[in-house]
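**Q** Here is how the chains run, residue by residue.
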Amino acid sequence: MKFMLIMRATDEGVKAYQEIPFEQIIEDMGKYNESMMKAGVMLAGEGLSDAAEGSVVDFSSEEPLVTDGPYGETKELFNGFWIIEVSSKEEAIQWAKRAPLGTGALLEVRRVHGPEDFPADNEWIQKEEGWREEQAQRGQA
Amino acid sequence: MNNSHDEATARSTESHGVERTVAAIWRIESARIIATLTRLTGDFGLAEDLAQEAVIDALRQWPEQGVPRNPASWLTAVAKRKAIDGFRRRERLDQRLAVMGQELEREQESAVDELPWDPDEIDDDVLRLVFISCHPVLAREARVALTLRVVGGLSSEEIGRAFLLPVATVQQRIVRAKKTLAAAQVPFEVPSHGELPKRLGSVLGVLYLIFNEGHTASSGTDWMRPELGQEAARLARGLAALMPKEPEVHGLLALMELTAARFPARVDAKGEPVLLADQDRQRWDQGKISRGRQVLERADALGRGRGAYCLQAAIARCHALAPNIEETDWDQIVVLYEALGRLAPSPVVELNRAAAVAMATGPESALRIIDGIRATGALRRYHLLPATRAELLLRLGREEEARLEFALAASLAGNERERALLQAKAAGS
Numbered sequence: 001m002k003f004m005l006i007m008r009a010t011d012e013g014v015k016a017y018q019e020i021p022f023e024q025i026i027e028d029m030g031k032y033n034e035s036m037m038k039a040g041v042m043l044a045g046e047g048l049s050d051a052a053e054g055s056v057v058d059f060s061s062e063e064p065l066v067t068d069g070p071y072g073e074t075k076e077l078f079n080g081f082w083i084i085e086v087s088s089k090e091e092a093i094q095w096a097k098r099a100p101l102g103t104g105a106l107l108e109v110r111r112v113h114g115p116e117d118f119p120a121d122n123e124w125i126q127k128e129e130g131w132r133e134e135q136a137q138r139g140q141a
Numbered sequence: 001m002n003n004s005h006d007e008a009t010a011r012s013t014e015s016h017g018v019e020r021t022v023a024a025i026w027r028i029e030s031a032r033i034i035a036t037l038t039r040l041t042g043d044f045g046l047a048e049d050l051a052q053e054a055v056i057d058a059l060r061q062w063p064e065q066g067v068p069r070n071p072a073s074w075l076t077a078v079a080k081r082k083a084i085d086g087f088r089r090r091e092r093l094d095q096r097l098a099v100m101g102q103e104l105e106r107e108q109e110s111a112v113d114e115l116p117w118d119p120d121e122i123d124d125d126v127l128r129l130v131f132i133s134c135h136p137v138l139a140r141e142a143r144v145a146l147t148l149r150v151v152g153g154l155s156s157e158e159i160g161r162a163f164l165l166p167v168a169t170v171q172q173r174i175v176r177a178k179k180t181l182a183a184a185q186v187p188f189e190v191p192s193h194g195e196l197p198k199r200l201g202s203v204l205g206v207l208y209l210i211f212n213e214g215h216t217a218s219s220g221t222d223w224m225r226p227e228l229g230q231e232a233a234r235l236a237r238g239l240a241a242l243m244p245k246e247p248e249v250h251g252l253l254a255l256m257e258l259t260a261a262r263f264p265a266r267v268d269a270k271g272e273p274v275l276l277a278d279q280d281r282q283r284w285d286q287g288k289i290s291r292g293r294q295v296l297e298r299a300d301a302l303g304r305g306r307g308a309y310c311l312q313a314a315i316a317r318c319h320a321l322a323p324n325i326e327e328t329d330w331d332q333i334v335v336l337y338e339a340l341g342r343l344a345p346s347p348v349v350e351l352n353r354a355a356a357v358a359m360a361t362g363p364e365s366a367l368r369i370i371d372g373i374r375a376t377g378a379l380r381r382y383h384l385l386p387a388t389r390a391e392l393l394l395r396l397g398r399e400e401e402a403r404l405e406f407a408l409a410a411s412l413a414g415n416e417r418e419r420a421l422l423q424a425k426a427a428g429s
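Which chain is which? The protein sequence lines are A and B, in order. Here the numbering used here is used: the first residue of the first sequence is 1, the next is one more, and so on. Here the numbering used here is used: the first residue of the second sequence is 1, the next is one more, and so on.
Hints should not be assumed to be uniformly reliable.
Unchecked claim - If you want the footprint, here are the derived chain A segments under chain B, 3+ residues with CB under 8 angstroms: (1) 9 to 20; (2) 48 to 62; (3) 102 to 111.
What the hints assert, rightly or not - DEER-style ranges, computed between Cβ atoms: (4) Arg140(B) x Glu53(A): 47 to 57 angstroms; (5) Ile26(A) x Asp124(B): 54 to 64 angstroms; (6) Gly80(A) x Glu105(B): 34 to 44 angstroms; (7) Glu34(A) x Leu302(B): 17 to 27 angstroms; (8) Ala344(B) x Lys31(A): 37 to 47 angstroms; (9) Asp57(B) x Ile26(A): 36 to 46 angstroms; (10) Val112(A) x Ala344(B): 45 to 55 angstroms; (11) Asp57(B) x Val57(A): 29 to 39 angstroms; (12) Thr67(A) x Lys270(B): 41 to 51 angstroms; (13) Lys31(A) x Asp57(B): 50 to 60 angstroms; (14) Ala269(B) x Ile26(A): 43 to 53 angstroms; (15) Asp124(B) x Val57(A): 43 to 53 angstroms.
No lab work stands behind these hints: they were computed from the structure. For glycine and all other residues, C-beta sits at the position ideal for the given N, C-alpha and C.
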């Protein structure tokens with residue numbers, strides 16, 4: 001099972017984080033990533049640059065509306081993610097609890113869809129089945 | 001040790017939830033805990049017993065007391081205490097006991113976040129654990145069971161379920177394996193430089209065996225058990241992180257990623273196997289393909305040439321990159337199989353080379369290779385030999401002969417679904 005650990009932080013959390021020396025953050029994150037790599041569970045992980053460099057595309061109106069960051073009043077900012085492959089949600093949570101994060105930080109644990117979520121009998125595949133049978137019959141004729 | 005428990009967890013989790021949490025923690029920590037205990041007690045079998053007993057204590061106590069903040073420390077400390085009690089009972093008051101006692105005392109005073117092992121030693125200890133679990137003195141199935149349980153942190157129940165074996169059989173294999181290791185006085189060590197290639201070969205062989213069991217279940221009704229493939233990839237990924245300079249470790253991981261990428265397309269809606277030529281390539285897992293390619297590049301970048309796993313990964317990469325069977329780089333695949341055949345001559349490799357030659361140059365030359373294999377008497381009980389020969393005969397329009405070969409292949413196939421597929425072909429449908 002794949003899970004995404006989504007790092008989020010309140011404005012307050014971001015501020016608190018900025019007070020930690022950069023080297024410290026790099027070292028702690030490095031250790032955390034290494035522990036997940038050595039356990040063989042880490043598939044990907046990235047940190048995002050400051051929200052001030054980002055933009056939001058809002059689809060509420062007919063034309064998508066683009067707003068450049070920072071986005072003013074925000075409750076939570078999305079700062080980065082990991083994708084891990086583990087055997088249960090509990091295991092994903094155990095890994096999440098080990099992340100080197102502090103006050104104001106949230107780590108959301110979400111399962112990533114896998115092939116098991118797309119049953120082989122969905123419409124698209126059935127169509128293809130039908131096509132294949134047709135081809136086979138044509139081949140025999 | 002740490003006594004401050006997460007009370008919120010205790011309140012919100014019922015004992016069933018705690019069981020799953022214990023299992024999850026065990027999956028993460030088992031290798032390091034057992035490795036640490038083996039180093040301390042000097043006895044791998046004892047260490048494994050102690051760790052299992054600590055898990056039983058956790059299952060009893062955590063539902064009441066809550067899950068400790070640092071569960072690995074808790075489990076290790078409980079196991080150490082049990083070791084000390086055991087040594088005392090047997091009056092083996094030696095140096096090891098003194099060391100463990102001191103460590104326990106120190107840990108009780110130390111901070112909650114303290115690790116129960118030496119961070120500079122733990123990686124090597126885990127590697128030692130991998131090598132002891134895959135030791136050549138053990139039978140292959142014993143290596144598989146031990147590796148999954150000790151390094152992978154799977155329970156005997158989970159291993160039994162994955163391999164369609166009674167739990168008692170799995171437990172027996174593990175008990176016997178531990179006795180064999182003790183009787184042979186196998187040391188807890190990473191093999192020396194000269195011995196390493198062979199011993200690493202055994203480790204990689206065990207992981208590949210686990211992967212293949214998930215890839216094509218050798219018996220039973222399910223065509224695939226992807227969770228075993230996933231487990232093997234996880235073990236390989238961990239090993240690659242611990243031995244980053246060994247190209248074949250990366251090669252094996254790349255092979256697993258690139259092969260597993262095809263899993264979603266390998267069965268149809270009815271659960272019937274779909275052969276490579278007929279697979280819907282849009283269903284291949286692009287994430288796995290890109291990871292597999294990256295890992296293979298890492299192996300090649302080490303500049304030590306390609307071993308058998310790297311070559312097989314390179315073959316899998318040719319398939320992964322091809323838009324369809326016709327536009328596959330079959331010439332390249334033939335070259336890779338030739339290299340593989342030189343490195344590790346085997347009739348199975350030869351058979352695969354024949355299949356590639358059939359695509360690159362045509363069925364006649366492929367048929368000659370297969371008849372060559374048959375003339376040596378090799379692979380007489382291997383269903384894919386007649387199955388491949390049958391496909392070639394079909395392409396040459398020799399239908400009657402093809403049917404006979406399909407029937408032979410069906411009679412040799414161990415997997416029920418595969419057998420049914422071959423029987424259908426033998427019947428000419």
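**Q** Would you mind marking each hint as holding or not holding in the structure?
**A** Consistency of the hints with the structure:
no.: 1; hint: 9 to 20; result: violated (count 0)
no.: 2; hint: 48 to 62; result: violated (count 0)
no.: 3; hint: 102 to 111; result: violated (count 0)
no.: 4; hint: Arg140(B) x Glu53(A): 47 to 57 angstroms; result: 54 angstroms, holds
no.: 5; hint: Ile26(A) x Asp124(B): 54 to 64 angstroms; result: 25 angstroms, violated
no.: 6; hint: Gly80(A) x Glu105(B): 34 to 44 angstroms; result: 40 angstroms, holds
no.: 7; hint: Glu34(A) x Leu302(B): 17 to 27 angstroms; result: 20 angstroms, holds
no.: 8; hint: Ala344(B) x Lys31(A): 37 to 47 angstroms; result: 39 angstroms, holds
no.: 9; hint: Asp57(B) x Ile26(A): 36 to 46 angstroms; result: 38 angstroms, holds
no.: 10; hint: Val112(A) x Ala344(B): 45 to 55 angstroms; result: 37 angstroms, violated
no.: 11; hint: Asp57(B) x Val57(A): 29 to 39 angstroms; result: 53 angstroms, violated
no.: 12; hint: Thr67(A) x Lys270(B): 41 to 51 angstroms; result: 49 angstroms, holds
no.: 13; hint: Lys31(A) x Asp57(B): 50 to 60 angstroms; result: 29 angstroms, violated
no.: 14; hint: Ala269(B) x Ile26(A): 43 to 53 angstroms; result: 49 angstroms, holds
no.: 15; hint: Asp124(B) x Val57(A): 43 to 53 angstroms; result: 50 angstroms, holds
Checked against the numbered hints given earlier, this structure breaks hints 1, 2, 3, 5, 10, 11 and 13; the rest are met.
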